Amino acid sequence: MTTRHFRVWRGDDQGGALTDYDVEVNEGEVVLDIVHRLQATQAPDLAVRWNCKAGKCGSCSAEINGKPGLLCMTRMNTFGPDETVTVTPVRTFPVMRDLVTDVSFNYEKAREIPAFAPPADLKPGEYRMQQVDVERSQEFRKCIECFLCQNTCHVIRDHEENKAAFAGPRFFIRAAELDMHPLDARDDRKEFAQEEQGLGFCNITKCCTEVCPEHIKITDNAIIPMKERVVDRKYDPLTWLGRKIFRRDQLESQK
Amino acid sequence: MTTTATTPPRPRAAIAERTLRTDRWWLAPLLTFLGLAGFLVYATVRIFVNDNYWVEEFHYLAPFYSPCLSESCAPGSSHFLGQPFPQLPSWMSPAMLVLALPGGFRATCYYYRKSYYRSFWLSPPACAVPDGHKKYTGETRFPLLIQNVHRYFFYAAVLVGLVLTYDAVISFHGKEGGFGIGLGSLILVVNAVLIWGYTLGCHSCRNIVGGRLTHFSKHPIRYWMWTQVGKLNKRHQLFAWLSMFSVVIADAYVWMVASGAINDLRIFN
Ligand code: SF4
Ligand code: SF4
Ligand code: FES
Ligand code: FES
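For the record, the sequence lines run as chains A and S.
Going by the UniProt record's numbering, the first sequence opens with residue 1, and the numbers climb by one from there.
Going by the UniProt record's numbering, the second sequence opens with residue 1, and the numbers climb by one from there.
These are computed hints drawn from the structure, not numbers from a lab.
Mixed in with the good hints there might be a few duds.
Label-pair ranges, simulated between beta-carbon atoms [to be verified]:
no.	chain 1	residue 1	chain 2	residue 2	range
1	S	159	A	141	37 to 43 angstroms
2	S	40	A	126	57 to 63 angstroms
3	S	178	A	245	46 to 52 angstroms
4	A	116	S	162	40 to 46 angstroms
5	S	80	A	188	31 to 37 angstroms
6	A	51	S	159	54 to 60 angstroms
7	S	155	A	39	56 to 62 angstroms
27 angstroms max Cα-Cα, derived DSSO-like pairs, lysine-lysine [claimed, not checked]:
no.	chain 1	residue 1	chain 2	residue 2
8	A	56	A	109
9	A	217	S	218
10	A	67	A	142
11	A	67	S	114
12	S	234	A	217
13	S	114	S	234
14	A	163	S	114
15	A	163	S	134
16	A	234	S	218
17	A	67	S	134
18	S	218	A	142
19	A	234	S	134
20	A	123	S	218
21	A	217	A	109
22	S	135	A	142
23	A	217	A	67
24	A	217	A	163
Because the structure is a prediction, the values reported are computed rather than measured.
Ideal Cβ placement from N, Cα and C applies to all residues, glycine included.
Use the sequences and the hints to build the structure in full.
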């Protein structure tokens, strides 16, 4: 057991500050353990959101020494023995209290995406897919909706005014998941990503990928492929020529 | 269906520090900046040199001057593509005619975009470190909207790759004619291999060969190609740097041999 120095942001939408604590740390603990110890000893009213303590519910997103991460997955032994550990709420969303923020932005963006649309003539129970065809979409199903990618993306983190026009990386993987899905019959997902979700705001600087606790290759496997699919439709010279020579329905049937 | 702000934005946590990161987050953008700036300086100097790009004895052509397409090219340095361009004005070098293709390919590459947006434009310099700009529209409008032409440059880059491969093949030329191997031939081969590693790992390539399909199961060959391109694509950043170094090393080597500063190390003939 050692005593470590912590700074935790305390406050609400009226303001707040980093508050200093000296707190006991034991071997094998994670930052969330320390936050819980603070609640149990010095700060019973410290607000924190958590559920599983196993990196699977996506509730405990915060920033630790300035790096967005899950409190329950950040091990204390990753810090130097005398290093002060600073814990702050995620920056991009409105603060409620202490480490808890209001992430409803993300649920609003989620609701705007047209739902999975199987072919009209298929009844539930008749869906048949091959593994190779769903593999890419499955990577994106690993998402635990911690919204760390949304929080870190500079498009909205540093530019509040872009929130209306930009859905964010978590919803680009949803767009890609559906566009690549073998049984999704909608044909306008690329246009939706470009025009309604603000795919063009992303400058592929990969911070979403860097912070994703599920190690989803958000930029390489979802965002860039979606940008390329938009190019297929809008800017590619050979596809354009192909459309002129062949009929569009024949091209589309190649899917 | 764009979300319309119903209420003015509610306050975020009032944290005074612009970033609380304690690691050396500035190191990676700094190194990237130095690497890219170094390359730009070399390329600028090199295209104005307009000399010492062809070693007649061993058939070495410097990659910056390949293909050499004008009547001002050094005798023997133009190959199967001929000399479609006339004599150039004295301030122009044949390198300037072809540089737009590989240059445009790299400038619009998804990896290079990431690297210069971060290191030159600070947008953002590192994750969770604030963007250096007040306003941000990304690639939604002109001029950055033009990044979408990357696809065209990819098609051109395949031709560039073929030309560099040809250059590597003809560099196996001996002093007394016939077959020969020198250090220069090996350098040109390594360069061609790395350029292919970079070109074929391109995200546009990955999309074209198979990524755009919805049913891989109906296209086994394209699925296989997509898988192979994916392996290179995972290492695209690595190949971007390796091929950038190799092109400079190959070019500088031919430059030095052509100018007589060093002798080519001959392995055979
Ligand atoms: S890659 Fe795009 S979506 Fe991801 S953090 Fe960067 S700008 Fe945002
Ligand atoms: S994509 Fe990754 S970072 Fe983003 S919400 Fe899902 S799990 Fe979290
Ligand atoms: S508490 Fe569930 S992810 Fe951390
Ligand atoms: S060359 Fe880098 S993505 Fe195309």
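Are residue 234(A) and residue 218(S) close enough, with their CA atoms no more than 27 angstroms apart? Distance of about 25 angstroms is within 27 angstroms: holds.
Measure nothing beyond the straight line between the CA atoms of residue 163(A) and residue 114(S); if it is 27 angstroms or shorter, mark the hint as holding. Judged against 27 angstroms, a Cα distance of about 22 angstroms means the pair holds.
Does residue 142(A) lie within 27 angstroms of residue 67(A) when you go C-alpha to C-alpha? holds (22 angstroms)
Decide if the proposed pair is consistent with the structure: residue 114(S) and residue 234(S), CA atoms, cutoff 27 angstroms inclusive. This hinted pair holds, its Cα atoms lying about 15 angstroms apart.
Is 56 to 62 angstroms a correct range for the gap between the Cβ atoms of residue 155(S) and residue 39(A)? At 60 angstroms between Cβs, range holds.
So the hint says 54 to 60 angstroms: do the beta-carbon atoms of residue 51(A) and residue 159(S) match that? holds (55 angstroms)
Within 27 angstroms, alpha carbon to alpha carbon, are residue 56(A) and residue 109(A)? Holds, because 22 angstroms separates the two Cα atoms, which is no more than 27 angstroms.
Does the Cβ distance between residue 80(S) and residue 188(A) fall inside 31 to 37 angstroms? violated (46 angstroms)
Just tell me: holds or violated, for the beta carbon distance of residue 159(S) and residue 141(A) against 37 to 43 angstroms? For residue 159(S) and residue 141(A) the Cβ distance comes to about 40 angstroms; the hint holds.
Hint check: residue 123(A) vs residue 218(S), CA-CA at most 27 angstroms. Holds or violated? Between residue 123(A) and residue 218(S) the Cα gap is close to 23 angstroms, so the pair holds against 27 angstroms.
Could you check the hint for me, namely that residue 178(S) and residue 245(A) are 46 to 52 angstroms apart, CB to CB? holds (47 angstroms)
Given hint residue 134(S) paired with residue 234(A) - CA-CA distance at most 27 angstroms: Roughly 30 angstroms separates the two Cα atoms, so the pair is violated.
In this structure, the earlier hints numbered 5, 19, 22 are contradicted, and the remaining ones agree with it.
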